[in-house]
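Q: If you read the sequences in order, they're chains A and B. Numbering-wise, the numbering used here puts 155 at position 154 of the first sequence, and it's gapless, one number per residue. Numbering-wise, the numbering used here puts 216 at position 215 of the second sequence, and it's gapless, one number per residue.
Calculated directly from the structure, the hints in this document are not laboratory data. Nothing here was measured: the structure is a model prediction, and the numbers come from that model. A virtual CB, placed ideally from N, CA and C, is assigned to each residue, including glycine. Treat each hint with caution, since some may be false.
What the hints assert, rightly or not - When the alpha-carbon atoms are kept at most 27 Å apart in a straight line, the in silico DSSO-like pairs for lysine-lysine are as follows: (1) B/K414 - A/K263; (2) B/K239 - B/K211; (3) B/K594 - A/K622; (4) B/K635 - A/K594.
Said to hold, decoys possible - Covered stretches of chain A, going by a simulated chain B footprint (3 or more residues, C-beta under 8 Å): (5) 560 to 567; (6) 579 to 591; (7) 628 to 636.
Next come the chains, spelled out residue by residue.
Protein chains: 2
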Amino acid sequence: MSIRPLDIKRVTITDGFWSAKRALVRKEVIPYQWEILNDRIPEAEASYCMHNFKAAAALNKRAVEQGSAYEAPKFTYRGFAVFPETREDAKDDEFYGFVFQDSDFYKWIEAVGYTLATNPDSLLEETADKAIDIVCAAQLPNGYLDTYYIINGMDRSFTDLRDHHELYCLGHLIEGAVAYYEATGKDKLLNAAKRYADYVSDKFGTEEGKIHGYPGHEITEMALFRLYDLTHEERYRKLAEYFIDERGKSPNYFEGEHPDMKGKPDYYHQAHMPVRQQTEAVGHAVRAVYLYSGMADMALKSGDASLKSACQKLWNSIVNTKLYITGGIGATHLGESFSFPYDLPNDTAYSETCAAIGLVFFARRMLCLDPDSKYADIMELALYNTVLAGMALDGKSFFYVNPLEVIPEACEKDERKMHIKPVRQKWFGCACCPPNITRLISSLGQYIFAEDQNTLYTNLYIGSETVKNVGGKNVKVSVMSGLPNSGNVSISVTGAAGTDFVLALRLPAWTAGNYKVTGADDLITEIRNGYIFCSGFAADTCICLEFDMTAKVIAADEKVSEDAGKVAIMRGPVVYCAEEADNGPALREIRIKTPVNITENVTDEFGAEAIKLVVKASRVKMEGSKIPSTSLYKTFEGFSSEDVYLTLIPYHLWANRGEGEMSVYVGVEW
Amino acid sequence: MSIRPLDIKRVTITDGFWSAKRALVRKEVIPYQWEILNDRIPEAEASYCMHNFKAAAALNKRAVEQGSAYEAPKFTYRGFAVFPETREDAKDDEFYGFVFQDSDFYKWIEAVGYTLATNPDSLLEETADKAIDIVCAAQLPNGYLDTYYIINGMDRSFTDLRDHHELYCLGHLIEGAVAYYEATGKDKLLNAAKRYADYVSDKFGTEEGKIHGYPGHEITEMALFRLYDLTHEERYRKLAEYFIDERGKSPNYFEGEHPDMKGKPDYYHQAHMPVRQQTEAVGHAVRAVYLYSGMADMALKSGDASLKSACQKLWNSIVNTKLYITGGIGATHLGESFSFPYDLPNDTAYSETCAAIGLVFFARRMLCLDPDSKYADIMELALYNTVLAGMALDGKSFFYVNPLEVIPEACEKDERKMHIKPVRQKWFGCACCPPNITRLISSLGQYIFAEDQNTLYTNLYIGSETVKNVGGKNVKVSVMSGLPNSGNVSISVTGAAGTDFVLALRLPAWTAGNYKVTGADDLITEIRNGYIFCSGFAADTCICLEFDMTAKVIAADEKVSEDAGKVAIMRGPVVYCAEEADNGPALREIRIKTPVNITENVTDEFGAEAIKLVVKASRVKMEGSKIPSTSLYKTFEGFSSEDVYLTLIPYHLWANRGEGEMSVYVGVEW
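All chains should be modelled from the sequences, with the hints used to inform the complete structure.
A: Structure (structure tokens):
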């Protein structure tokens with residue numbers, strides 16, 4: 002039994018909290034990103050993304066004018082990332098940026114598609130159409146489309162699958178093209194995507210003469226399933242399945258390209274063993290959850306039990322041993338990777354924004370594969386904490402890395418922490434995170450509900466409306482939600498009388514069973530897999546849910562050595578943190594008093610209303626007399642303690658008030 | 002006013018604790034190292050040190066036979082470290098190992114010299130003489146002696162001063178040659194050292210046509226001062242002064258060799274500014290303290306006040322902001338360097354054994370320059386903790402890196418901690434630490450006393466005897482010491498009656514003023530700069546010192562964020578640590594109860610008698626109920642606590658009972 006997400010066109014988001022974020026994405030981020038793609042923001046790193054498409058298009062055009070097929074020059078390796086000295090030095094016919102720079106446009110057009118699907122905007126659509134013309138003009142007559150090789154030399158295309166992201170770019174192209182087609186009905190980019198996918202499908206596979214490789218950075222797998230869903234072309238499904246089945250077979254394909262990898266288990270690319278045998282989430286965290294998402298898609302479509310079981314094991318590996326309380330994953334910046342189980346350092350955390358987004362992707366697919374609210378819990382956790390923290394309140398700066406503890410001086414001076422930025426950055430040369438946030442927030446409608454024939458699942462309590470056709474009748478469901486500030490949710494169902502409509506209301510884990518349902522007395526209700534299944538609608542109905550949002554004190558498992566003796570505070574799905582702005586520096590000196598006493602205060606310090614928590618605590622110092630010969634050490638003579646009130650703010654709001662210390666975990670008195 | 006160390010021949014060590022270590026060095030380590038230098042230990046990494054000298058000697062011999070001066074081939078760069086596939090593949094005429102491999106012999110011969118000075122051994126001396134013959138045969142007729150360039154091509158010699166250690170090798174050659182000469186009176190190696198120093202002295206200097214560079218790895222500076230002390234040849238002193246004065250001038254000399262360094266402050270090599278302007282200890286820790294030692298030597302000889310002041314500032318920078326409680330320095334493995342002030346992580350510490358040894362060098366020189374017991378305190382701290390921890394009890398394995406906290410699983414799986422080894426290693430390809438320990442322990446006699454005309458300073462309380470001539474009369478001083486187990490020291494002075502002899506007895510900082518002196522009633526005593534100055538000896542006298550060795554609870558300065566809420570225990574100069582072997586795993590759960598209750602237990606578990614400490618503590622766990630959807634987190638419902646006895650052992654004894662957790666700092670109840 003599985004369920005499926007709703008097309009975003011079917012979901013109208015009316016939520017106060019999220020609508021503001023979505024408006025920000027629409028009005029600020031998408032236009033800003035377009036300027037970035039065109040290198041028109043002087044103070045941000047140049048992207049060269051549209052530059053590269055134009056350069057490739059010009060090469061194509063010249064070939065056509067000369068009456069010949071385009072012939073690229075002999076390949077010369079120009080590195081994984083090439084930038085000119087200054088923007089002015091950029092040559093019209095050269096490739097710049099990272100090898101995967103094309104994908105920046107694809108992510109942008111994907112977000113544009115989602116936005117247009119729900120918020121038509123003819124000016125934006127016109128810009129997008131013109132951009133698509135440029136991109137399509139870069140495609141080779143045979144369907145190949147990756148500007149790095151078109152410009153630098155096609156003779157080496159597909160010879161470095163491990164590092165060179167051609168298949169990754171195909172994946173993002175598909176995602177963008179499908180989104181744009183679904184929003185606008187325009188198929189120009191979709192056709193380009195299909196042609197590139199056809200080209201790849203001809204080249205790759207188990208058959209003799211074909212390349213037996215697979216993407217070094219996954220995403221193509223889930224994208225191809227999506228293309229299959231739209232087109233029902235078997236070859237896209239087959240190609241996706243091939244990529245998943247082939248991965249991790251011995252000998253490792255990438256060893257052929259990179260002999261220095263010989264004999265080393267390739268955890269980084271999740272190619273250390275066939276995917277069905279994998280039980281531990283390892284390697285580059287974004288790659289991993291993108292792969293697992295593709296595996297879940299395949300399991301959904303094929304009913305392959307061994308693949309489903311692998312997905313569940315990998316899910317469990319993440320949520321039970323490698324998940325930050327903020328919903329972040331990828332504990333080490335070395336390889337932007339998962340660390341070993343229970344290694345979840347706070348101050349050197351990587352916890353990349355994109356990885357949390359990938360976890361949302363994976364969670365939604367697991368939820369569809371195995372409908373259980375536990376997946377929605379983690380999806381919500383990642384969304385309300387790490388994903389949201391990735392973007393500043395004004396939508397103009399972004400976090401790539403999401404630490405759980407920051408001392409700004411250490412980020413500046415400690416090379417082990419230099420990946421940690423104490424404030425959000427304008428843009429990144431390797432700009433994966435900002436456009437990934439954009440495409441997620443603009444496609445939020447896909448995550449709120451899911452359905453099967455008669456049942457509508459509410460997975461995220463976000464104010465929204467949808468209509469579901471049940472037995473020929475349109476049932477309208479409207480959700481009003483006070484989240485994340487209050488736990489009051491009301492859901493009105495109209496038109497369900499006399500149908501087999503079932504409403505499955507998720508019971509968030511964070512309520513710990515403390516919730517109240519009113520208005521459902523006339524319905525048949527059954528609690529199963531973390532949902533209240535309501536059926537027997539005899540009239541238009543309004544169900545009110547009251548979820549307990551009392552702040553909770555959370556401790557990590559004792560195996561997480563970094564968190565010993567410390568606690569974090571959550572309120573509903575929102576994780577809190579302490580900032581220097583409220584509490585002064587040296588947060589490590591603060592100890593929460595037990596029994597923990599927490600007061601809630603509404604604040605509008607962050608633009609919209611938010612809840613601050615105030616906790617009785619003490620600031621504790623170790624007292625003693627300096628030892629002679631060094632002023633670094635003293636004889637310990639006990640603690641001095643001063644009563645303080647510790648103020649906590651939602652983690653997703655941190656670093657919006659300048660640079661300072663931050664900590665999710667705080668010591669606790671015992 | 003300055004003082005000077007005693008020639009080791011004048012000091013007979015009779016100490017129970019140290020004699021055993023010294024016997025180990027003599028009987029185990031020195032012979033073992035000789036086998037290593039000759040690649041005869043199959044299970045240890047091959048050194049190729051003597052191989053290289055032989056290869057260079059053969060090239061020389063061939064040239065002489067052909068009646069021509071040796072001409073090296075055109076230089077071909079073979080890397081910073083070259084090793085053959087297997088020992089059998091090593092070719093007779095090729096260089097192997099690190100560019101500084103020659104120095105392994107020099108460190109060994111230095112230790113041999115010290116050993117022979119106090120413990121004649123004709124067999125060892127014969128081996129050494131033969132080895133010296135090989136080494137001297139490698140020297141070019143012009144005096145140059147560095148096998149890397151002799152074998153690989155002399156045309157590039159002195160073209161990579163930053164990385165290629167030719168001047169570093171000169172420094173170690175001098176140290177070894179002087180030690181061997183002073184012990185045996187044999188001057189063959191000394192003459193080789195002088196000839197190489199002469200060659201360098203001709204090539205380097207401020208004069209036009211000379212190379213204006215200086216060593217990329219310091220040591221030559223202090224070595225040249227030593228050579229000057231022995232030979233009174235002005236040019237050695239001038240060369241040393243030139244190296245110190247030239248360092249850090251702008252533009253940085255190394256930029257010429259390595260244009261990529263242009264404009265970047267060269268902290269790593271302490272060449273970011275002229276040495277007299279330096280106030281913060283930075284860069285590679287071993288290089289730093291070797292440089293500072295040379296600077297102190299120069300200040301001593303020249304009376305240069307600005308240099309003395311720089312030395313004092315750098316000393317203060319170390320001991321007040323960058324010193325581990327174990328006497329270790331160099332907090333980060335990135336560049337094996339000092340980190341920023343107060344950044345003293347326990348579990349990722351570098352704290353290289355060689356750096357602690359270098360700190361001992363620097364401390365002894367500061368003590369001579371500015372006689373104050375505070376320098377001896379730090380010298381003793383480094384010696385009894387990090388230096389001693391560097392060698393296993395059986396003298397057969399060594400620590401390069403000396404962490405203050407170890408969880409073995411993390412060392413294996415966490416790339417940020419892979420420099421940390423939970424047990425000592427047999428030998429290292431880059432074998433700086435083991436021979437450095439050897440030369441320090443075998444020259445311990447230099448560190449116990451110091452003197453000026455009439456005064457003998459006791460700086461380390463190590464059982465020993467010496468004779469000092471005062472006004473033509475021999476005053477014999479014998480020290481008996483219970484350290485490190487007991488604080489009872491007795492000092493007998495004979496033959497001082499009627500002389501101006503002054504005995505300066507160091508008052509260790511760790512007594513915190515709690516000590517008793519008996520037997521000095523008839524003397525004139527004055528306490529100054531951390532010493533009791535005793536004079537007016539009218540008869541043979543025995544002074545008994547009783548230093549309080551009560552274990553003390555130590556806390557780090559509150560700026561050291563890693564140690565907040567934790568304490569360490571010291572007893573006398575000995576720092577203690579908790580091991581899994583005594584306390585089980587998860588040491589982080591243990592909290593010392595306050596007021597701290599410590600019991601001492603004598604143990605012979607480590608061969609010789611040692612003191613274990615037992616501390617009342619509790620093992621604290623955070624209790625709560627698992628949150629659904631992830632088993633990593635739970636609601637915090639308070640602590641459960643179990644009374645335990647925490648057993649602590651001297652830090653220098655850790656990791657002698659197999660692999661397990663270790664921690665110097667332990668949480669404390671408040």
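Q: Decide, hint by hint, whether the structure agrees.
A: Hint check results:
With a C-alpha separation of about 20 Å, the suggested pairing of B/K414 with A/K263 holds against the 27 Å cut-off. Of the pairs offered as hints, the one joining B/K239 and B/K211 holds, with about 14 Å between alpha carbons and a cut-off of 27 Å not exceeded. With a CA separation close to 17 Å, the supplied pair B/K594 and A/K622 stays within the 27 Å bound. The suggested pairing of B/K635 with A/K594 holds, with an alpha-carbon distance near 18 Å, which does not exceed 27 Å.
With 4 residues bearing a CB less than 8 Å from a CB of chain B, the stretch 560 to 567 of chain A meets the requirement of three and the coverage assertion stands. Given a C-beta distance limit of less than 8 Å, the hint that chain B covers the stretch 579 to 591 of chain A holds, as 3 residues qualify and 3 suffice. For the stretch 628 to 636 of chain A, the assignment as covered by chain B holds, since 9 residues bring a beta-carbon within under 8 Å of that chain's beta-carbons and 3 suffice.
Violated hints for the displayed structure: none, as all numbered hints are satisfied.
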